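Undergrad: Line by line, the protein sequences give chains A and B. Numbered by this note's numbering, the letters in the first sequence go through residues 179 to 523 in order. Numbered by this note's numbering, the letters in the second sequence go through residues 6 to 120 in order.
Honestly, the hints are just simulated from the structure, not real lab data. Check the hints yourself; a few may be wrong.
Residues on chain B that point at chain A, a partial pick, calculated with CB under 10 Å [as the list claims (entries may be wrong)]: (1) L8; (2) L10; (3) D11; (4) N13; (5) D14; (6) Y35; (7) D39; (8) R45; (9) D46; (10) L51; (11) G52; (12) E101.
Small disclaimer: the values here were computed from a predicted structure and weren't measured. For each residue, glycine too, the CB sits at the ideal point set by N, CA and C.
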Amino acid sequence: MTGPGARSLEERADVGLRARFLSIATAWFGLVTVALIAAPLALRDRLPDPVATHWGASGAPDNSMPFLVSLLFQVGLWTLLAGGALGFAFVNAAMFRRRTSRMALGAALGGAGLFFPGLQIVTLMANLDAPHWRQADDLGWGALLAVAGLVLGGWLGALAARPGPDERPEPSAVPTRRVPLRPGQRAVWVSSVSSGPLTALSGSVLAVGGGLAVLALIGGDSALWIPATITFLAGLLALTFSSVRVQIAEEGVVLFYGPLRLPRKHIPIERVERAWSERRFPSDVGGWGIRGLPGAVTVMIRGGECLVVGYVSGGRFAVSIDDAESGAALLNTLVDRAATGPSTR
Amino acid sequence: MLLTLDLNDPRPLHEQVAEAIRRAVAEGSYAPGDRLPPARDLAAALGINANTVLRALRDLRDEGVLEFRRGRGVTVLSRPNPRSVIEEKLRSLLDEAVQYGYRHDDVIELIRELS
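Next comes chain B alone, as it looks inside the complex (with noise of 0.2 Å):
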């Protein structure tokens, strides 16, 4: 699974696992019914807490994307709401043009020009 994180967002921790891993998941490199690597595994590798982690799990299993079954770990109940991954996507852009000076109208007229 891969996560990726980023240091300067300002947005709590577990929101931004969360977001991660709901990329990861909708990008397709997870099935629905394939087993996520333990919560303490990629608390780890990210260097956070593994309650953070798994608060995050929490989430997006209240989301309807993750299943938590007895003895089967976590899994992936189905792919998560597409809005949800566009408006991911589109945060991130927003935060990067803040940092080009781009205002979000500024963006907006873009996008308009572009479709």
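Only chain A is shown next, with the shape it has when bound in the complex (with noise of 0.2 Å):
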């Protein structure tokens, strides 16, 4: 695969791609973190001392904090919304290389970037020439001016940290491999891939489901089928999602899920383009189970080989599983096979 030449220089790109986002990112977080205190600073005269903080249904001020408490919660809150990222940045560079992980970075920091200055200007807004907290405005409709410097920011934010690069590495062509058929062949691929740790913990939480439904058929106690049937359910989802069986075949791609093999998803030979094999790990699709947004969805089951699946349309399917290679080499070549037409039938 890659040489250690190759992996340096990827590991020195993804250095470049953090310390770049991680300077604007400070610079960002010292902006907003001045400006969270200079304001309140500078209208302090004109504050009443505790200021109102909170405000209930009916509109009037229902809470209190003293004025420099009021202040280090919202700066304390900043910081730690915004610290807890930047951490998260600075252990994770590879990350970098994705675009939706940075942009849902940049969205977090631009987002709370600016909810937690219009949080405040509305509150000094309200507090403002007020001899006493209680006599502070309500609020009205400036609330809303919170949640649209969320929006407005987070916006901002993941476009600020859209431009780079955005790694898959895909390879450029099909796969050359193919497997040799004659027409009046047919070939069949079936692999499958389980997790031991998943099957054991959803197991587990069956065996708990169940013992809690034998609890509550002697007891009688008919409180305990609430949770005896929400566990159980959870344990066979958890099954369900703990295997994958794959099978390829002239009708296309066929996934069944857990021991059941229920449900399937049927992918036609007609919306696959290509297919290749890829070495995806939970920590790049963001955990285990079914993963990412329709058309860059990762069935993800154990770390390492993938089969993945790209369509016509321009989207992608990935599943892992064994024995991915042999799969993308009968896919592509059955695609052949359907492009050249039925005369091979």
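Got two chains here, separate frames each, mind docking them using the hints?
TA: Structure below.
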């Protein structure tokens, strides 16, 4: 795959991306923090102490905080959130290769960075020139300002983090391996993968659910039925996503979940453009199970070899599976065969 | 597991399935100790009866290629005898040669010329 030279180059690029992101994000953090501290201090003479910090449903203020506490509270929350995001970015240089990860982090920082000042402006406006916090104005539509700040900041932050590479080391061409197939031959590929820890976990959850059901039955405690059902269903759900089987034949790709082989997902051969094998890990796709958005879904049972199906429409579908390379070879062969027309049938 | 069946092959289906599995194991995508997909899944994919696949698996167990273990399903015991793999390849070569009008002697002659 990649040699040691290529890898270090890749890592250096990650560090460069991270440094750029961190410097901009730190500047943004400083700017927002200064604004959060400076604005209330400048208006301190015109504010009551304590200041109103919470408003009830009626619109009248119903809670207050001493001026300094309220200031520290807002700045502290912002620092905690932004610091967490920055710390996360600092230890995860590799995540900057992915556009969606960058945009999510940018959106969090941008959104929070406008939400807190928005909240502060609203609070200050309501408290301004009030002799006592109980006489502070109601928030009115001003509360929407903070929400608008959140949305706008999130959008701008995501936009700012967008430029740069979007790493998905995709083969530029279809893998060349094909399965030699004569007319009149039927070729199929069957493979499966299961996760031991997930199976054990779902098994124990199922057992707990079953035990609760038995208790409910014997003890006659009907209140137990609800947790029993919920636990049992959760175990069943976990069991369904603890293993997966994939079958590739002339009709296309069929994916079966769990020991019941239900639900299933069918990808007709006409929708497939090409297929390849790729190594993906839960850390790349955000965990186990069905991950991602429609058009970029990964069914992650265990890290490692994955079969990736590229749709004609441009989308991607990946599933962690053993022996994915053979599957991709057969799928590409069948796609070629389907494209050359029904004469080969 | 990649399996190929010839729809025009006159031999019994279970023999063809056994050959296909033998070839898949011989090609190395399944190493000794690896577990085969359940017979039921293979049958469903091939569009044939599960009993046919089971019969093929039993034949391969008798050959010493596969091992049936309780709770572990069907696993690969050892790589099949190279001779049987080559035999299968030759058989399909001869079948193809016949389709093009070559007699078996012609094929033997061709092999001599090439080697």
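Undergrad: Now look at each hint and say whether the structure bears it out.
TA: Checked hints:
| no. | hint | verdict |
| --- | --- | --- |
| 1 | L8 | 5 Å, holds |
| 2 | L10 | 5 Å, holds |
| 3 | D11 | 5 Å, holds |
| 4 | N13 | 5 Å, holds |
| 5 | D14 | 9 Å, holds |
| 6 | Y35 | 8 Å, holds |
| 7 | D39 | 9 Å, holds |
| 8 | R45 | 9 Å, holds |
| 9 | D46 | 5 Å, holds |
| 10 | L51 | 6 Å, holds |
| 11 | G52 | 8 Å, holds |
| 12 | E101 | 8 Å, holds |
Comparing the model with each numbered hint stated earlier shows that all of them hold.
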